[in-house]
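Trainee: Residue numbers (my numbering), protein chains in the order written: chain W, 529 to 967; chain D, 529 to 967.
Hints listed in this document are in silico derivations from the structure and should not be mistaken for laboratory results.
All the given hints hold, so there is nothing to weed out.
In the BS3-like style, the derived pairs of lysine-lysine whose C-alpha atoms are separated by at most 27 angstroms in a straight line are:
no. : chain 1 : residue 1 : chain 2 : residue 2
1   : D       : 659       : W       : 634
2   : W       : 896       : D       : 965
3   : W       : 868       : D       : 553
4   : D       : 914       : W       : 638
There are 2 protein chains.
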Amino acid sequence: MSKISTNPPSGFRDFLPNESANRRKIESCIRSIYQQFGFQEIYTPMVENLTTLLGKGGGSENEKLIFKILKRGEELNRSLEASSTELADLGLKFDLTLPLARFYAKNREKLSKPFKVFQIGPVWRADRPQKGRFREFYQCDVDIIGSASIGAEVDCILAIAKVLETLGLENCEVHINDRRLLQALGKNEPAGDWQKALILLDKLDKLGQEGLEQEFQKSFGRIPDGIQKIFAFSDSDFSALKEASNESIESLDSIKALLTATSKVEVKINPTLVRGQDYYTGTIFEIRHKDLSGSLAGGGRYNRLLEIFGSEAIPSFGGSIGFERLCLLQESSDANENKKPTAFVFFPLFSEKTREVTLTAAQSVRNKNISVDVFPDPVKLGNQFKYADSCAIPYAVVIGESEIATQKAKLKNMSDRTETEVSISDLPKILENLCKKNQ
Amino acid sequence: MSKISTNPPSGFRDFLPNESANRRKIESCIRSIYQQFGFQEIYTPMVENLTTLLGKGGGSENEKLIFKILKRGEELNRSLEASSTELADLGLKFDLTLPLARFYAKNREKLSKPFKVFQIGPVWRADRPQKGRFREFYQCDVDIIGSASIGAEVDCILAIAKVLETLGLENCEVHINDRRLLQALGKNEPAGDWQKALILLDKLDKLGQEGLEQEFQKSFGRIPDGIQKIFAFSDSDFSALKEASNESIESLDSIKALLTATSKVEVKINPTLVRGQDYYTGTIFEIRHKDLSGSLAGGGRYNRLLEIFGSEAIPSFGGSIGFERLCLLQESSDANENKKPTAFVFFPLFSEKTREVTLTAAQSVRNKNISVDVFPDPVKLGNQFKYADSCAIPYAVVIGESEIATQKAKLKNMSDRTETEVSISDLPKILENLCKKNQ
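Let's have the full structure, built from the sequences with the hints guiding it.
Mentor: Structure, rendered in structure tokens:
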């Protein structure tokens, strides 16, 4: 039989048991903290109609990122015969915000107002795979739909900051800015030019201020006035920015004061912050850590996204945690830890004759909510213990034919290989006590 | 702006907060019981190379069920120009077994032997959507790779039975059969005919024995000898089947004896059980409940699946729980229960002036691991309490301007609307005690 490749597709990943456990741990942490803030979880399907994903129209940057699903059966044949380029009708979702907007527009009558919601799950982007960038990755979004107040900003950012703190990332910096400020700063520029200027500004981290100024000279022949004001900004001098948009600066000041008063995060008003999505209409934010490059989380206010589903404008704010980033950080900090046991007790299998007694004893221990692994095959005992060691299981119970005759099992401590004799009927109680001590 | 449909694609579903919580609860239950049996969780990507999914070759029944992903960029253009029908390179996984086989073939050196593994997650099938059949649905697979012993059968079936019991589905019936028996019964028939006979036999549930006999007369002009033996089988008379395959009957007898001795399930040897997948090579099983039609779980032994990835034959056994079925059953049994609270305490917001004190108090309560929902907007208090009621939150803490002046908040029981006055600084302790009492 010809061999089929065992690799996952390029940009996609398998996760081994240790990696999977790490991911589940982080996912659970995020879920429980979002719930601690009163957010409710929802699911939307992984697949959406292409018309939904393309939203405001095809040909956008997003369209290139979508994994499109081929039409099927007769519909595909019709498209092929008509030499239509519309060969796909569905696509994999590329973020969680657009499906949320569709979900809300459809189900709003059944949802609380405002709707405090979170989602954790995979999204897909047909990016060129590269180090640290994957085609299937998790997002963890938290959103408040139906609040125009900065209370929404503060609630979402506090929840995300709490997640990062709980995962050991203390001393995070929250960078905040406001799209209304960025728009106001460009009010004297032609709209297209200003759009381009902001896309350039977004590259500040990569190019540095000097490199960016050179880019502006190259593309614009000058440094636009609004960009100069942004560069001239310092933490103590807000005057030029206030002049452009007093409303934004007041809002940013309030958010900064509230976050500082109620959490340990450091907050910086950062007028160079742009963020890519074109649906943002107000506050935008990013959470960074001084020891790490790039951002750990980010988001913003999107007051008009619901309109594309025929709904009136509904003020909304949301943020997202960089799940894959957190997993990598957590893995490297876990690297020195020992392997996590896959079970608390191991029951090797002596022979076919001992199978029923062994299984019965194992089940009686499981009934105490203790995890028990029974070896399926009566192979050499040494090999069975090798397996238990590879699974880091701390205790083993040996029931051979002579143990059945005396009704006494051997309880083995796998780390020091010491054994004690215990009555088979006492096993559930003894192991329950051991398990409590080990917690 | 033209309105975009708010519906998910046909056959795909949104899940509201209550439904999502129900699904998460069942998922957690399954995970913790699989772990209690010493199984380790892994993830494989949602997307696989088409060559992996098509496995033994295209044109199979499975191929029609695959959602295929369109090639992208230059590759797509080349395929279109060449009028190639190979427009897709990737596909959504249609089950969890094939990706597991690929995963194991790739990573076996890093995995314990045998490898006790579970997976919980979505799969996709391009079936025609109908009541209770969806195009995106969850599977919850548990497998032991690398054991030829009936210990694998017993371990997987016990774990699945424990899940069903824990979810309130007691008195389940485990139906077991063996593909080796079915093969032996057809040894005098041409292979193609017997294959067709088994596909017909699989329809017994739908057609009944009489209807099935008519079908056999129609298609075969007779009832094949092997099928007659199956129909003639009764719980007390194994002789004809033993004659065909003594090995199978002995194996089934042992599995039945072990399951019966170590759990509450009822076990039936059922030679009419076929199950669809063509990769099964030995034991097959299904779990049914007498009050419900169809099956709740099923699986079987697949000793040769790894071969398609160039590996030697590796004896394996696995089973899967019908997650969507369980969710529907659980939902209807939960229908009479009250809505689950989204948080334990609600902090309404009086005015912009009280925002900081309110948030600070809320954060101090959250630090006790209590879930707290703060309203983001200082709207009419009546509307805020309506929101809290819609979220079924049992307690509220009111901090208005006069409460700030006296440093005493009002603690409100939302069910009887009674209020007590408590010091703002005592809130964490008082609510912690209330929370413990309510558990």
